[in-house]
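Asks: Residues per chain are reported as follows:
Number of protein chains: 2
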Amino acid sequence: MNNILRGIRIVEGSAFVAAPLGGMTLAQMGADVIRFDLIGGGLDYKRWPVTADDNSIYWATMNKGKRSLAVNLREPEGREIVAALIVKPGPEAGIFLTNLQVPPTLDYDSLKAKRSDLIMLKIIGNPDASVAVDYTVNARTGWPYVTGPENHKGPVNNVLPGWDLTCGLTAAIGLLAAERHRTRTGEGQLVKLSLADTAYHLTASLGYLGDVQINGTTRPRIGNDMYGTFGRDFTTSDGREIMLVVVTRRHIKALGEVTNLTACFHELELARGVDLNLEADRWKVRHELNDMVGAWFADKTLAEAGEALSDAGILWGPFRTYKQMVEEDPFVSTDNPLFGEVEQPGIGRILTPGSPLDFAANPRMEPTRGPMLGEHSDEILADILGMSDGDIGRLHDKGIVAGPDTACG
Amino acid sequence: MNNILRGIRIVEGSAFVAAPLGGMTLAQMGADVIRFDLIGGGLDYKRWPVTADDNSIYWATMNKGKRSLAVNLREPEGREIVAALIVKPGPEAGIFLTNLQVPPTLDYDSLKAKRSDLIMLKIIGNPDASVAVDYTVNARTGWPYVTGPENHKGPVNNVLPGWDLTCGLTAAIGLLAAERHRTRTGEGQLVKLSLADTAYHLTASLGYLGDVQINGTTRPRIGNDMYGTFGRDFTTSDGREIMLVVVTRRHIKALGEVTNLTACFHELELARGVDLNLEADRWKVRHELNDMVGAWFADKTLAEAGEALSDAGILWGPFRTYKQMVEEDPFVSTDNPLFGEVEQPGIGRILTPGSPLDFAANPRMEPTRGPMLGEHSDEILADILGMSDGDIGRLHDKGIVAGPDTACG
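Sequences listed follow chains F and L, in order. Going by our numbering, 165 is the number at position 165 of the first sequence; the sequence numbering is gapless. Going by our numbering, 140 is the number at position 140 of the second sequence; the sequence numbering is gapless.
So here's chain F without its partners, still in its complex pose (with noise of 0.2 angstroms):
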């Protein structure tokens, strides 16, 4: 959390992960991010995972640092609530980003006639408008077959929902320079962001598909191996993983000496005509440098074999599950500048992210946790539309709008 994008202020109409992160990354940037959803939940609120009383972990966390307006979107007056939130006049203001699909009154013509310098960010599945999520995008662009065991027939699915969280980023790169055209111009504007477009775009700026168009392949699938270097996950003697990455000249020097192999990784050059300064070749001998490097490593512990690469200045990881993560890792803790204790009403008290980037001249602070579901309704209608206590509780009476949902409080 820090307040660098303070003043600006974004309604956002959004379920699942894209469109929420992309508003979550600028809350938590100081934005005033107000998400709408309809009285009872959208299509995410139970999204797992969730709490033995069934309050999901995830809706959460993805929400971070917003206000929470809940609203009856099948009323007319409850859309019009949502469209003077975005209308709204004033530089702050004028902000919409979403991935649902809107009614009429909602959609950009009709916001634009009534802010003639709306931005208007709108996540599209395809770029033909047509629906997609990251498990049918990430199924079309290639990687599930070279993700996975060597010798493993079928696809493997990606469970890092990476096209969804590449494209919420976008979203809030794409708001940021809008409002920037917009501040230099007085022009607002729609944006169209396909989340397929965004995989395709990361896919082939990766070089994939220049790979199949010029040399006529596609990489193939090799488990656990680096492509075109040397860099696996081996097992240690107390029973663990951990991930070597061999990258430089200098790593394989320092390889050599922790492990004594220097002589043999000599040998091996001479009998394969390889020179190991060199990552295509690296590559080439990999299978024999994995038999060799794994035998050391066979006989060490996490500890021993941790301490040794990083006294080596040699890359490693070691695998750890999302428990081992929060039990091990001393950088999944306040001690981590990152991190903040919260109670998350309905949840609990969790270690809580705030933004990754740390602007030295818009210091963090404490994260913020995500609100309850119609928690600001009440504020929002008050401080933004300016209603009366009484033209609030007449919203309550007929439905069109509710507060925080009591079961998570």
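Don't read these hints as lab results, they were simulated from the structure. One or more of the hints may lead you astray.
Because identical chains cannot be distinguished in the list, a pair is counted as satisfied if it fits within a single copy or across any two copies.
Stated by the list, open to error - Derived PhoX-like pairs: lysine-lysine, alpha-carbon spacing no greater than 20 angstroms straight-line:
| no. | residue 1 | residue 2 |
| --- | --- | --- |
| 1 | Lys284 | Lys46 |
| 2 | Lys114 | Lys88 |
| 3 | Lys153 | Lys323 |
| 4 | Lys112 | Lys192 |
| 5 | Lys398 | Lys153 |
| 6 | Lys88 | Lys112 |
| 7 | Lys398 | Lys284 |
| 8 | Lys284 | Lys253 |
| 9 | Lys192 | Lys284 |
For clarity, every value in this text was computed on a predicted model and none was experimentally measured.
Based on these hints, arrange chain L on the given structure of chain F.
Replies: Only chain L this time, still in chain F's reference frame:
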């Protein structure tokens, strides 16, 4: 490619994925991004995939839209040239993005002494600035133990460098926010961004650390099944694979209809006491659902199954290799405005994406190729630093700068 950021210049000293992606993201929005590299190229200049001539398709495509300066950083005069580019006066300049361990001439304090409103964004590995890369960070963040086939033992690495990608995009966000702050206040700053913090932030924001702290559990490895709902890969009669995703009530109803399984779904609900309208209940009986639905796919071709699912409005995607992406996906072509077909020197003609962000007021232009190493050395020295032809010739003669690598010309 668009021009929404025209008028910003960023000097980038980088290698590998995160910082180059951050710079490329801004370059594809019209910023003037000058990447400097050692003469002969930096650590990532030959990164795979490469052509038969050992020209890196990765390097070319990850640096699209940038200008390239090849400079000898081992000589004081080379370092002074880079420093002069970074601290050049003017509102457009004074921004430095790096993930290198820079020499003292290029550290924040030295540069700030020459330009007090400097913005420098430094990508570091761990939060304490010790070295880490995507593979070692990913090992530590839980994902390898939940990725991969259900019965697999040991970790499964992401092949998609998800943390590099998210870190690079976060760097672009950080630069835009810091430039906004400088425009409003005149104040520059050092911004630090840790690759590992990016991974911690997103892993926590998806709820997986809270899950451990509140529930004491770690989500299991479940193969290609979607967590907490119903969705997975199925094999078709022509030996292809398909990803099916069911996230709404409408989806499960439509799936029953299109597969003629409505009655079977109802029997399953009665037998197991579940309601297939609920995500958690679909998850509970996913094995039964997998069997029923799998049998339907088994005697349909990919084309037949896909058409039926599309007509029914059900979310699905075919699994494709990178090669099949290029050959089969209509969006992976110049029919998609994301892509142009661009001649990349030393590589050939390849599908080249512009920015995935589509700004209505700053329309898409033809995507720009990557530079040749040193391609813009002379124009940068002349136009930005005002050097004469004689000065520039002298720098070439002394080996301080170099022009384009003719091997790639």
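Asks: Would you list, in rising numerical order, the hints stated earlier that this structure does not obey?
Replies: Hint check: 5, 7, 9 fail, others pass.
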